[in-house]
Structures are given as structure tokens and as C-alpha cells.
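When you get a sec, could you build the whole thing from the sequences and use the hints?
Chain order of the listed sequences is A and B. Position 178 (the first sequence) corresponds to 178 in our numbering; numbering is contiguous. Position 30 (the second sequence) corresponds to 331 in our numbering; numbering is contiguous.
There's no promise every hint is true.
[What the hints assert, rightly or not] 25 angstroms max Cα-Cα, derived PhoX-like pairs, lysine-lysine:
1) Lys574/B <-> Lys371/B
2) Lys409/B <-> Lys229/A
3) Lys530/B <-> Lys262/A
To be clear, the hints were calculated from the coordinates, so they are not data collected in a lab.
Number of protein chains: 2
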Amino acid sequence: MLLDSLIEKATREGTNTVAVAAAEDVEVIEAILDAVNRNLARFILFGDQNKIKSLLEMKKYDDRGNNLLKIVHTNSTIDSAELAVKAVFQKEADVLMKGNLPTNFILKAVLNKEFGLRTGNVLSHVAFFEVPGFERFTIVTDAAMNIAPDLQQKAQIINNAVSLAKCIGIETPKVAPLAAVEVVNPAMQATVDAASLTMMNKRGQIPGCIVDGPLALDNAVSALAAEHKGIQSEVAGQADILLVPTIDVGNVLYKSLIYFAKAKVGAVIAGAKAPIVLTSRADSAESKLYSLALALCCVTK
Amino acid sequence: MLLDSLIEKATREGTNTVAVAAAEDVEVIEAILDAVNRNLARFILFGDQNKIKSLLEMKKYDDRGNNLLKIVHTNSTIDSAELAVKAVFQKEADVLMKGNLPTNFILKAVLNKEFGLRTGNVLSHVAFFEVPGFERFTIVTDAAMNIAPDLQQKAQIINNAVSLAKCIGIETPKVAPLAAVEVVNPAMQATVDAASLTMMNKRGQIPGCIVDGPLALDNAVSALAAEHKGIQSEVAGQADILLVPTIDVGNVLYKSLIYFAKAKVGAVIAGAKAPIVLTSRADSAESKLYSLALALCCVTK
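As C-alpha cells, this is what we get:
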């Protein structure tokens, strides 16, 4: 329901263009064709022209004259990454998507000083989960990019997630910096950083949201658990964004949601000039489509 | 099913005795009476005699002449903690249980050099989860005691969990030291420690189990996810014990399982001379009973 509404929203937003680096991959092509069939976006496919064409033939793609797919031949995956990034830099495309190439190839192009997509902000991974039994998105950040962000990086990671949340209609997102306990303990950096982030928000240094932490996960998402602990907080029990202290925490939370809680997810890299879709082989086709839809909802022109 | 089988097993094991520190608490008394009604154990209730008696009356407890409850009056909660620990030390009781007192009060008594329950091993929290859709226990350690264990402490935490797993019939538990990735990355201490723990197991330094890490959570619990990544491992996809690198990771995993995946749990503190049940107010009555059953299954005489 929640993630499906992103697909509807992305369709309504009008036709954006996605630049795909190294599109010569059957699963990537499947996700792209799924998106094209839903009129979600136009695509520029950078990569090996022959391989891309034969994959499209294999999937019986029929253009029907609407020209939603354009192929640009490149001689190497590095070229495909650079050209895809340049297409976004030159505003020929609105979203960058990773195909069949290593993540560091595409990130290197994104960080290129001449034609890259950096804004000065930290790049961070933002995942929108639809968890069975929960009526709102559970947004987890950063489960995949930043290993052990410092306080300033955590503030930017919050900013990135808040921007995305606003794009999909969450006006003033509630942000819970997570820790193992809800009290400040000098031996636990996550709790100390959470306290600082809360005050940075109160002093206007992290605008557009309400930050309140440290909170343990139960207090962040369950009003009953927060009440049990006697926690007074505008965020407790109703957090939109869960800020994890490290990638170790984020990765376990992400995978626990998928494998144990049977949640669905769409995710993008935020903080660059355009949303970046970094799907991996392990992602389901559905998840790839949700990530694309999320990115398309968050295009700013 | 899994956790209910622990209750059956504990009943079959014969009558052990539980020493309860500061039993004067309605929820603790409820858990105890639930256990007594199932003939799970005898209890020695240390604490304020009048309060305990009135709680038992309130709950309409009928002794029926089987003397499963004994009350020992103490003048303070510190006394109740010390006397409960002494009862275990003197082998009058087999399991220690926390009632209505701060955790550090009972741990201080447990660590007392004269009559405490230390063995030289690290004390660690071991949680047995029954996750919907999973046919085996998912054992998580340590989600509650050790903030950031070093390599040696992690080895002992594994030992403690392996002992408990064996008690409940898992002959050679498979242990996955978790990290955000399944490759060794010098910038991620969890991956480095996981590699060392794996080799410590291979060299006989962590006996009685199979350790293989680093593994990300998906590779640890899903054979399909491990196959996707091409991971060859005796543990991948079938881990019994998930070793988390820090309390931050453990706490989020624990609470994600409860609040998102609707799992049930029983947990004890291991590594002392006897299992210790440290339930908290936030635990359900059911969870308290499972923790008691788990502790009773793991009594060694």
C-alpha cells in the first residue's frame, strides 16, 4: 500500500528521465521494462549496445513508438558510469541508476570534481520500509553507505532523510536517533551523539523535523513501550525516521525487517544533486521498482 | 512451539529451586504463580514479607500443601539481593531471578567475591527467539550486557551461548558473528573480530560449535541470500547463534524481532555459576515465563 502509492505518485509527477550505468543485465532490464510498462519514466541506457538490444529482444520489448528507452553505446563500464553521471550533471536525466557494475565505479563518477553530482553534503542511504502491521513508513538511515558517521555526518544524514520524507508528503518528519538505551551514557557514543542531535534540532541546526533521542527501537516505534518507560517525547512511539548509529546497526535492522518481519523496501542514495538508485542483485524485482519510484518522487527541478 | 517446548522440558527436568530477589512486585508474583501452577519450580521469595503475602492473597494463591513457595523476609532490597545470591551460592537454589530492584543491585551481589556467582567468565545475555516462519531458535547474544566486547570477551560470549544451546538439545550450534558485510574490512572491527573468532574456532579455542563469519544477517539466516552472494559456509543460511558485535546492534535486532517480526523470546544471563533471570517491566508475562523455563532447562548440577 505505502510503497505502491509511491509508484502512483511517481507516475503522476510527469515523465522524468533515468540514466542507467551499465544497463546490460537481465534483472536491471526487467526492472526498467516494468517501470516503462507503468509509464513511470524515460530511460537512457548506457552500456554495451548489442547486449542491451538482445536483452530487450529476449524480453520481447515493444517500443510502441513512445520512445521511452534510448540506448547509448559505451566501450567500458567506467565509460558507462561517467556518461550516465554526465547526463544527470547536464540535466538530460533526473535520476541516476546503477546497472551491472561495481558500486565503487559509479560512486567514483558521482564524486568526480568536474562533472560529478556532489553538493558538499555527505551521501547517505535512505530506506523506506513498509512493515506489516504499521500504517506509516519506517525510514531507516544509513544502513549501507557510512560506516561510523561522526556527529556532523549524522546531522547531514538526518537532513538527507528529511528531504526525502518531505518529498513523499511527510511534512515534519519525526526523527529518532537510536541507541541501546534511552538515557545518555558516556560509554555509549550513540547516546551522546543522539543527545547532541536533539539539541542541534532544538537550536535550529537541523531544521524541518523533530529530533528526539536517544531512544531505543521499542520506544521509537511503540507508544506502549515508551509509556512503560515513562518517556515524554514528541517522537517516541511515532518515529518516521530511525537514525542508526553505525552501519552495523543499520544493516542488521534492514535485514531483520526484510527476512524476519517480511517488510518491503525501496531505497535511494540521497545527498547528491539527484537521487541515485543503487540496487543490488539480492534485491527483489519489486524492491528495485520501489526504489526507482522513490527516486522519481524525489526529483527536484 | 519452540518456547513452549522449553516449558515442557523444564517440567520434566524435575523440581529446581529459584531464588527471587525483591519478590514484592505484582508482575513478578504473577510470573512466579504461573510457573508454580505448571509445577515448573520451587521458589524462595526474598523481600518484604508483608507485601509478598498480600500480593499472594490478592492473587488468591492456594498452597494446596505442596510448599512450592517459601518467603524469607529481608529488611532492604540490597539484603534481598545478597540473600538470594547466597542461596544460590550455598546450593539451596539453582536459578537466580530478579524481582523489583535495580539490575545493578543484583549484579553487584552476583559479583561479590565472597559469596557471589562468578566463574571467571564474562557474564552475557543470551536470548532465544521463536520467529514466525522459522523452525529453529534464533539465538541472539549479547543484546543487553556487554556494550562493546573485545575479541576475548566475544569468544566467551560465544561459549556462554553454546552452553545454553547444548542444554536445550542443539548438539553442535552454528554460530554467525554478524557484521554489515561478509568480507573482512579493516575499517569495520566487527568483520575483523569475526574472522579471528572463526579461526579461533578452527584452532580449538572456541570448542563445541561451528563458527563462520563475518556474515551479514541475511547470509546467516537465509540459504537463498547466501547462495546469491556465492558464500560457501557451514553456517550460512542455518545459523543457530547470531553473535552481534555491539550492544547497539543487539538491542536493535532484539527489538526489531519483538516489535516488527512479532517474535517471542526467553532470555537469561549466562556465564555465572547458575542461570540468572533478569526480566524487566517491559517484558510480557509470557516472556518472563519463557525466560524462567530456559533458565530451568540450563541448570547444571
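Against which earlier hints does the structure fall short, listed by number upward?
none
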